[in-house]
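Asks: The primary structure of each chain is shown beneath.
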Amino acid sequence: MTTITESAVRRRNGPDWWRWTGRLFLVLLLGFTVMPMVWMIITSLKTGFAAMQYPPQWWPAEPTLQNYTRLLDPSGRIGQDFLHYFWNSLWVSTITTILAVVVAVPAAYAFSRFRFPGRNFLFFAVLLRNMFPAVVFLVPLFILMKALGLVNTHGSLILTYLTFGLPLAIWLLKGFYDNIPIQLEQAARIDGATRFQAFIYIVMPLSTPGIIATSIYSFIGAWNEYIYAYTFLTKQSQMTLPVGIQRFFSENATDWPGLMAATFIMSVPVVVLFLVLQKYFVRALTEGAVKH
Amino acid sequence: MSSVQGQAIFRDVPGPAPKQASLGQRMYTSRFDYLYIAPALLVMLIVIAYPVYYTIELSFYKTPASLSLADKTFTGIDNYRTVLTSAIFWKVTWQTIIWTVLSTLFSFLLGLGAALALHRAFIGRALLRGLLLIPWVVSAVAASYVWKWLYHSDFGAIGALLNQIGLTKGPVNFIDNSTTSLYALIVVNVWKEFSFAMIMLMAGLQTVPESLLRAAQVDGASAWQRFWHVTLPQLQGVSTVTILLLVVQNFNSFIIPFIMTGGGPVGSTQIWITHIYELAFLRQNWGVGAAYAVLLFLIMMVLGYFYVRALTRGDDKRAGA
Amino acid sequence: MAGIVLQHVMKTYGNMYAVNDVSFTVNDGEFVALVGPSGCGKTTTLNLIAGLLPMSGGDISIGNRVVNDLDPKDRDIAMVFQNYALYPQKSVYKNLAFPLQMRKLPKEEIDRKVQDAAKLLDITHLLERKPRELSGGQQQRVALGRALVRDPAVFLMDEPLSNLDAKLRVQMRSEIKRFHHNLNATVVYVTHDQLEAVTMADKMAVMNGGLLQQYDTPANVFSNPVNTFVASFVGSPAMSLIPLEAAGNSLRSPEGWELPLSPANVRKAAGSTTKDIVLGARHSTLKLHKSAVPGSVPGKVYTVEPTGDVTFAQVFINGAVVNISLAPSVVIAPDEMVWIEFDQDRMHLFDGATTMALQAA
Ligand SMILES: Nc1ncnc2c1ncn2[C@@H]1O[C@H](COP(=O)(O)OP(=O)(O)O)[C@@H](O)[C@H]1O
Ligand SMILES: [Mg+2]
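Residue numbers (my numbering), protein chains in the order written: chain L, 46 to 337; chain A, 80 to 400; chain E, 38 to 398.
These aren't lab readings, by the way, just hints derived from the structure by calculation.
Any given hint could turn out to be false.
Claimed, not checked - Cross-link-like lysine-lysine pairs, in silico, DSS-like; alpha carbons within 27 angstroms at most:
1. L:K324 with E:K141
2. E:K144 with E:K131
3. E:K144 with E:K156
4. E:K131 with E:K141
5. A:K141 with L:K191
6. L:K191 with A:K151
7. E:K150 with E:K167
8. E:K167 with E:K131
9. L:K324 with E:K144
10. E:K204 with E:K141
Claimed, not checked - Now the stretches of chain L that chain E is said to cover, found in silico as 3 or more residues with beta-carbon under 8 angstroms:
11. 223 to 236
12. 246 to 259
All residues carry an ideal CB built from backbone N, CA and C; glycine is no exception.
Make the full structure from the sequences, and use the hints.
Replies: This is the structure:
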C-alpha cells in the first residue's frame, strides 16, 4: 500500500529530477569554489623548490610549515614586518567598524523615523556613494589627505573606509528600523522613557542582528581594501596586509609558497569572522534589505 | 470648561485646507532631526563632494605632470575630444562591456542556481553555504594571487591538469595570451562574486510565500511552472538590486586586472578603470584621465538612478512620525 | 484620576487636516469612546492626548494642567496599543516592570506591583514567557497589565480589541468595562466598531474626516443623530436613509408614491434649506405588509436573513436599501413586492443639502 502511494506521489512531482540536478550543480559549484583555496593551502605547505616542478606535486612530497613559521616568527625580519602589517590591518579595520556603527545607527534611525525636508535627496546621496569607483577619487583624495595632514597615517584610511561601509550600513539598518513598529517606541515613551532611552532600551536590542551584520561588512571591507592603502601609505611601518604582502614578494622572483601562506593567513580572520556570524548577515539581508 | 459637552458640534463645511508650512519653517521644526545624520553626511561630503568637484575641474584643464595646479591651462572640451577620438577608447570600452556583461551574467546565474539548490533544508546546508561564501569574503588581492598561481604558464595547476587528462599538449597560457586573458580574468571575477548574488537571492527566496507555492501545486503546476510563475516573479525586486549592484561593481573593478595582468598583455585586459589609472598615474595625463572619470560618473548616475529606485521601493508607504 | 479637556485641537499633515478643530471634555472617571471609520483621525487624536505627536494648534489639559508641551512620560497616562506593542525581547514580567523601572521605583515595590497586576489579570503563570509565546488574548492582557501596573491618571486605548477573534472580543469587552468600574478610571477608548462604543462607553465622540461630528451619551447619539453620517454609522443594522422630496404635507418619491407626514414632521420638513429631504428610519421602527395600507410605501425584497430569534430583510425602496427586522414567523421571498409602514414618531428627517438633522421649529 504505502509503496504504491509513495511512488505515485513521486511520479506526480517528477522523478526527483530537479533535486538531482540541484545536487550535481552544487557539487560542481563547490569544486569550482574550493579547488583554488585547496591549491593555495597545498602550495603553502611546499618548499620553493617543490612548488616549481612540472608536473606539479599534487600532494606535497615533504609537507612543511616553514612558510608559516617564517611569517609568524617575531624575531625574523620577514616575520616582524608581516606581524606589523597584521596589526595595522586589525587596528584600521576595528576602528573603521566602530566608527561606522556609531555614525550609521543614528543616521539610519533618522532616515527611517523622521520626515525632514530633503530626506529623500540625502538618502539617495548616501546610497550613491557606492557608485563611485575608488580609483577615480585617488588623486583628489590624496590631495585632500595631504591638506588634512593625514597622508601616511591610518586616519586617512579610516576616513575613506568609513564611507565605503556607510551606505550599505545605513541602508541595512534603516530596513531594520522600518520593520520595528513605531508603537514600541511610543509605548516606551509613555512608560516613562525619553526618546533616547526608548531607543537604547527598546530599539537597539531589536536591531542587534543588523548592527552585527553591518559591523562584519565594514570590517571585511576595511580589512581587504587595497587601492587607497597602496596610494596613501608609503611608510613600511604603516602598511596594511593587502599592500604589505605585495611589497614583500614581488621584489625579485616570486616566492609562491610564501605568498600563498601569507594569503592564507590574511584570509583567516575575515573568513572565520564571517562563518561564525553569517547567520546574522543572512538575517539582516532578509529582514532589512529584502523588503516584503 | 464643559461648554461643548453633550452638544452637537457638527460643522457642515470643512475648514479651508491648512496652509503648508514653508520649507524654511519645516526645516526649522525638524532641525534636531538633522543632527542624527550630520556625522554621516559630513564624512560623505568630505570624501565625495570635493573629489567630484575636483575631477570635473581637472577634466577641463591641461595640468602638468607634476600636478601643480597653479600651472594648469584651460582647454575646454579638448580632453573629452581626445578620449572619444582615441583608437584605444573603443577597444577599452568594448572590453569593459564584455567584462561587465559576462561577469554579471554568470555571477547571477550561478548565484541563482546555488540559491535555489540551497533553498530546501538538508544536513550540512549551513556549512555548504559558508564554504560557497568564502570567495566573496576574502580580499580581491588574495584571490588575484591565488588565481595567478593557478594560471601560471609553467607551474600552474590548471594547465597541468588539462595536460594530464589530455585536453591540451604543452604549457597553456591563460593570462599571458591576449585572446584568452580577458576571459580568464572573468572566471576569477565570477568565482569571487557569484556568492554575493547567491546570498541576496537566498534572502529573496525566503520571502516567497509558502502558501502561494502550495496554491500553485494544488492548481496542478509542475515544479518548473511553480518556479517560473510563482518564485521568479517574487524574486524580481531582489534580482534587480542584485544585478544593478553587480553591474556597478564589475564596471568599477580594478584589483583583479591590476594585480593579475596590469591590463596586459597588449592591453587585452584593459578596462575603463585600469585605463584611467594608467592615464593618470603611469602617464601623468591628468586631464584625459579626469575626462574619462567624468564620463564614468555620468554612466554611474544613470545606473544609480535605477539602483536608488530599486533600493527605496515602497519606502514612502512606511510612514513614521 | 483626572479629566481631560481638548480645545480646538488641530493636527495637519502637509496641506491636509488629520484632526480639525476638535473640542470635547472627558470628566474624571468617565469612559469615552472615540469612534469613526478608518482614517478619520482617531489614532491621531489619541496620540495628541498622549503627547506622541506635536499639535498644530489648540490646547489639551489633563487634570487641570495644560500639557501641550509635556513629554508623554510626564503626562501621567498609560496607553494600550492595537498591536499591543509588547517589547518582544523582554519577558512578560519585564514588560510589566518596565514602566516602574523607568520611574525608578525600588525593586521590592516593582515586584509587588507586578505580582498584583498579574494576579488581577490572571496572568501570573505567564510571567516568565516572551510575548511571542502568548496567544492574542494573553498578549492583550499583558498589554492591559502594563497600563494598569502604574495606576496612571488616564488610560488611553487604541483599538485594543480589534486583533482578537469575535468571542474573545466580547469577553474582553466586559472585562475592560469591569476594570473601568473597579478602578473608577478615566478612559479614552478608540474604536472603529460602533457596537463597542455603544456597549462600553459613558459618552461617545463620533468623528469623520478629522471633524468631531457628535459628542454625547450612546443613547442620545442613537436616538438623536445630528446628521446622516452619524445616523448611518451608529446602530446595527444601520439606519436606512431614503432620499426624497418635500411636497406639501408629504414626502414624494421620484417613483411616484407619496408618504404623508404627521404635523410635527411637516414642521420639521419645513426647516430644510432645499426641497431635498432624507428620510431615516431604524429597522425596528418599520412594519412590513404584504399589501398596501395607509401610510405605507411600496418596495421590493432584496435579501432575507433569518438569525433565529429575529429575521432581517433588506428591501429596495426608491433605489435605497432599507433594513427591517421581522418576527421569524413572517415568510417572504426575494423579489416579492411588499409595503413598508413608517412610525411617524420615530422617523428622522435630514436636510438633503446639508445632511443635518431637521428639528421641529
Ligand atoms: N505620519 C503621517 N503622515 C501623513 N498622514 C498621516 C500620518 N499619520 C496619519 N495620517 C493621516 O491622517 C489621517 C488620520 O489618521 P489616523 O488618526 O491614523 O486615523 P484612524 O486612527 O481614525 O484610522 C489619515 O488620513 C492618515 O492617512
Ligand atoms: Mg487608528
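Asks: Identify every previously stated hint that the structure contradicts and give their numbers, smallest first.
Replies: 1, 9 and 10
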